[in-house]
Amino acid sequence: MKLSDLLRETYSAISMNKVRSGLTILGIVIGIGSVVAMISIGQGAQGEIEANIESIGSNLIMIMPGMQAGVGTQVRSGWGAAQTLTQEDAEAILENISLVAAVSPEISKRYQVTAKGTNTNTSVIGVTSSYPAVKNRELEIGSFISDQQLKNLSKVAVLGPTTRDDLFGEGVYPLGQKIRINKVDFIVIGVVKSKGGTGFGSQDDMIFIPLSTAQRFLSGDKYVTTINAQIKDQNLMTLAQQQITFLLLERHNIFDPQMADFSILNQSDIVEAASSVTNTFTILLAAIAGISLIVGGIGIMNMMLTTVTERTREIGLRKSVGAKNKDISSQFLTEAIILTFIGGVIGVILGWLISFVMTKFFDITTVISVFSILLAFSVSAAIGIIFGYYPAHRASLLNPIEALRYE
Amino acid sequence: MIELLNITKIYKTVSVETKALKNVSFNVKDGEFIAIMGPSGSGKSTLMHILGCLDVPTSGKYLLDGRDVSQLFDDELAEVRKNKIGFVFQSFNLLPRATVIRNVVLPLVYSNVPKIEREKRAKEALFNAGLEESHFNHLSNQLSGGQMQRVAIARALVNNPFLILADEPTGNLDSKTGEIVLEAFQKLNFKQKRTVIIITHEFYVAEHARRIIHIRDGSIIKDEINHHQRIIKL
Numbered sequence: 001m002k003l004s005d006l007l008r009e010t011y012s013a014i015s016m017n018k019v020r021s022g023l024t025i026l027g028i029v030i031g032i033g034s035v036v037a038m039i040s041i042g043q044g045a046q047g048e049i050e051a052n053i054e055s056i057g058s059n060l061i062m063i064m065p066g067m068q069a070g071v072g073t074q075v076r077s078g079w080g081a082a083q084t085l086t087q088e089d090a091e092a093i094l095e096n097i098s099l100v101a102a103v104s105p106e107i108s109k110r111y112q113v114t115a116k117g118t119n120t121n122t123s124v125i126g127v128t129s130s131y132p133a134v135k136n137r138e139l140e141i142g143s144f145i146s147d148q149q150l151k152n153l154s155k156v157a158v159l160g161p162t163t164r165d166d167l168f169g170e171g172v173y174p175l176g177q178k179i180r181i182n183k184v185d186f187i188v189i190g191v192v193k194s195k196g197g198t199g200f201g202s203q204d205d206m207i208f209i210p211l212s213t214a215q216r217f218l219s220g221d222k223y224v225t226t227i228n229a230q231i232k233d234q235n236l237m238t239l240a241q242q243q244i245t246f247l248l249l250e251r252h253n254i255f256d257p258q259m260a261d262f263s264i265l266n267q268s269d270i271v272e273a274a275s276s277v278t279n280t281f282t283i284l285l286a287a288i289a290g291i292s293l294i295v296g297g298i299g300i301m302n303m304m305l306t307t308v309t310e311r312t313r314e315i316g317l318r319k320s321v322g323a324k325n326k327d328i329s330s331q332f333l334t335e336a337i338i339l340t341f342i343g344g345v346i347g348v349i350l351g352w353l354i355s356f357v358m359t360k361f362f363d364i365t366t367v368i369s370v371f372s373i374l375l376a377f378s379v380s381a382a383i384g385i386i387f388g389y390y391p392a393h394r395a396s397l398l399n400p401i402e403a404l405r406y407e
Numbered sequence: 001m002i003e004l005l006n007i008t009k010i011y012k013t014v015s016v017e018t019k020a021l022k023n024v025s026f027n028v029k030d031g032e033f034i035a036i037m038g039p040s041g042s043g044k045s046t047l048m049h050i051l052g053c054l055d056v057p058t059s060g061k062y063l064l065d066g067r068d069v070s071q072l073f074d075d076e077l078a079e080v081r082k083n084k085i086g087f088v089f090q091s092f093n094l095l096p097r098a099t100v101i102r103n104v105v106l107p108l109v110y111s112n113v114p115k116i117e118r119e120k121r122a123k124e125a126l127f128n129a130g131l132e133e134s135h136f137n138h139l140s141n142q143l144s145g146g147q148m149q150r151v152a153i154a155r156a157l158v159n160n161p162f163l164i165l166a167d168e169p170t171g172n173l174d175s176k177t178g179e180i181v182l183e184a185f186q187k188l189n190f191k192q193k194r195t196v197i198i199i200t201h202e203f204y205v206a207e208h209a210r211r212i213i214h215i216r217d218g219s220i221i222k223d224e225i226n227h228h229q230r231i232i233k234l
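Going line by line, the protein sequences match chains A and B.
Take our numbering: the final residue in the first sequence is number 407, and no numbers are missing along the way.
Take our numbering: the final residue in the second sequence is number 234, and no numbers are missing along the way.
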């Protein structure tokens, strides 16, 4: 039997009972559609989280004060709670470790900030002039904190776009305005560009001031809460992390690495950890959607078994005019595969629509990948074969004499 | 030439053993028109199944066109049916909601005959079976019983078989339409010299054949030339 004949037979069989074929296809459509939609949501979330992490800078190593969790140590003090790192540590890292391209020490704390009657509670971050390069920030208007202002302990501030809106309202020119942080007046000299971003707290709601000013007027000590080190080569992150660890241990006179008074966070570790979480999330979503796909497959099998019983005489006739067992089984198998294939195509479109609606109306990032579409197609074809095989096999084994007598 | 030699068919269930055919032997020459007659339970249906290669005998030899087909497997039997035998059934067994043409080309689909060739042969067969051309594109369930049976005859003819085997072909028809169908068989036999075997329990139907084989309780009781063959001229 030729393939074209097989397809013609299949077409007429499927169109013979449109309602039943339609409902069976619907089962597959829902299954494939939800798998595609769920994978797109999962991958969207993964992409967004990774982009968030990337947006804080590239090739970053973050050093924070506090104990590293060691063997037998269950207690771990929070990052930033301890005061062990200084600006000199940061400078030493830049000087001694050739893999480090730039460092940006910072000190951050939340303060109540006021300006002309309005006020807001936001993070105030003391930074050096290297901050924009290391943390990948750009200015919208004005200028960033300069080395000169750092040296002079200038009372100048650069605002995040959200903070600017909170303090002055939208559309007000902020440069030159005065704001008051912890009873100290600062003059606004710039506004950074929005980074958007959700997840790890908004990066748009913050105020930057010179590190030296923050130490002198706000914290009153010489400690910093984070040192960001940018590494020259992404492949040498681990080596750089080791070198920084040894340098700081030496500087802090600590001999046992277990007792280190700082912890080091590697950006690629964060990405990896986040990816593994979202991967699990995606697999979970897809698995739940997969259950409906199996139900759809059972629907196919149910329909094919009914069809075989209904068309017993037809099978008998086909055998009497010379159809072999293989001809009969391939006819019914093709029917099952075509049903699931149609369901697969519509399902992919449905899944695409669902994720489009999710993005458009619910602001959920989704990614439709070629992988998920290929997966959907191969799964639907496999379901057609698996659930269509048994009915087709049963049909092919019918005895032509009994099949012709069947009422 | 068809030769049956000591054909025996035994059906076994768990407790009972039924001998449906006992040592049946006869020959059929090419171009004969035979009626196999017997009451129900006589074994004529079993004989038809064996003649039509739908089943194989328990013992004995069946030579069809010189080839022993009594020991073949399912798919080999299907191959023989495809090339050598055309069936006409009591209840027509047409594909419902399919056109006349599509019904007739069905055996050719399994022989991989090209599409254009198929349609040509189907029309020829329908013409020989006596169906008007205006019905060729009708759906099979829109036809009358007589027309349906002529479509079935055309389907039996289309693969140019060695033997046409009809199982109670007039059983579902009134006597007038029955005559139309019997006339079609006679024409095929007279004009095209086709070998036709009709299985029936009605003497009136058997009378239209040139030779009548009477069968009862699994054995042939009489095998005679019908000197009073009823010829239909419509």
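Calculated directly from the structure, the hints in this document are not laboratory data.
We put the CB at the ideal spot given by N, CA and C, even for glycine.
A few of these clues could be false.
Stated by the list, open to error - Going by beta-carbon spacing under 10 Å, a handful of chain A positions derived as facing chain B:
1) MET1
2) LEU26
3) GLN112
4) ASP233
5) LYS319
6) LYS324
Stated by the list, open to error - As a list, the in silico DSBU-like pairs of lysine-lysine whose alpha-carbon atoms are at most 35 Å apart:
7) LYS324/A to LYS233/B
8) LYS12/B to LYS18/A
9) LYS116/A to LYS183/A
10) LYS191/B to LYS82/B
11) LYS115/B to LYS18/A
Unchecked claim - Computed beta-carbon distance windows for the label pairs:
12) PHE73/B to LEU305/A: 22 to 30 Å
13) HIS201/B to GLY22/A: 40 to 48 Å
14) ASN160/B to LEU7/A: 36 to 44 Å
15) GLY47/A to ILE116/B: 52 to 60 Å
16) VAL14/B to LEU7/A: 41 to 49 Å
17) LEU7/A to SER25/B: 25 to 33 Å
18) VAL14/B to TYR390/A: 55 to 63 Å
Cross-check of the supplied hints:
For MET1/A, the shortest C-beta to C-beta distance to chain B is roughly 6 Å, which falls under 10 Å, so the interface hint holds. The interface hint given for LEU26/A is broken, as the beta carbon of that residue sits about 23 Å from the closest beta carbon of chain B, more than 10 Å. Of the supplied interface hints, the one on GLN112/A is violated, with its beta-carbon coming no nearer than about 81 Å to a beta-carbon of chain B, more than 10 Å. With its C-beta approaching chain B no nearer than about 65 Å, ASP233/A sits outside the 10 Å limit, and its interface hint is violated.
Nearest Cβ of chain B to the Cβ of LYS319/A: about 6 Å, under the 10 Å cut. The hint holds. Residue-level restraint check for LYS324/A holds (minimum Cβ-Cβ distance to chain B is 5 Å; threshold 10 Å). Among the hinted pairs, LYS324/A with LYS233/B is inconsistent with the structure: their alpha-carbon atoms are about 40 Å apart, more than 35 Å. Taking the CA atoms of LYS12/B and LYS18/A, the gap is about 43 Å. The hint is violated against a cut of 35 Å.
Only pairs whose Cα atoms come within 35 Å are accepted, and LYS116/A paired with LYS183/A is accepted, the gap being roughly 13 Å. Note on LYS191/B and LYS82/B: the hinted pairing holds, with a Cα-Cα distance of about 23 Å set against a maximum of 35 Å. At most 35 Å may separate the alpha-carbon atoms for a hinted pair to count; LYS115/B and LYS18/A meet this at roughly 27 Å. Checked against the hint of 22 to 30 Å, the C-beta distance between PHE73/B and LEU305/A comes to roughly 27 Å, which is consistent with it.
The hinted range of 40 to 48 Å is satisfied by HIS201/B and GLY22/A, whose Cβ atoms lie roughly 46 Å apart. A C-beta distance of roughly 27 Å is found between ASN160/B and LEU7/A, which places it outside the suggested range of 36 to 44 Å. Between GLY47/A and ILE116/B the beta carbon distance is about 55 Å. The supplied range of 52 to 60 Å therefore holds. Separation of VAL14/B from LEU7/A is about 44 Å and conforms to the stated range, judged on CB atoms against 41 to 49 Å.
Against the hinted window of 25 to 33 Å, the Cβ-Cβ separation of LEU7/A and SER25/B comes to about 47 Å, which falls outside the hint. At about 27 Å, the beta-carbon gap between VAL14/B and TYR390/A misses the expected band of 55 to 63 Å.
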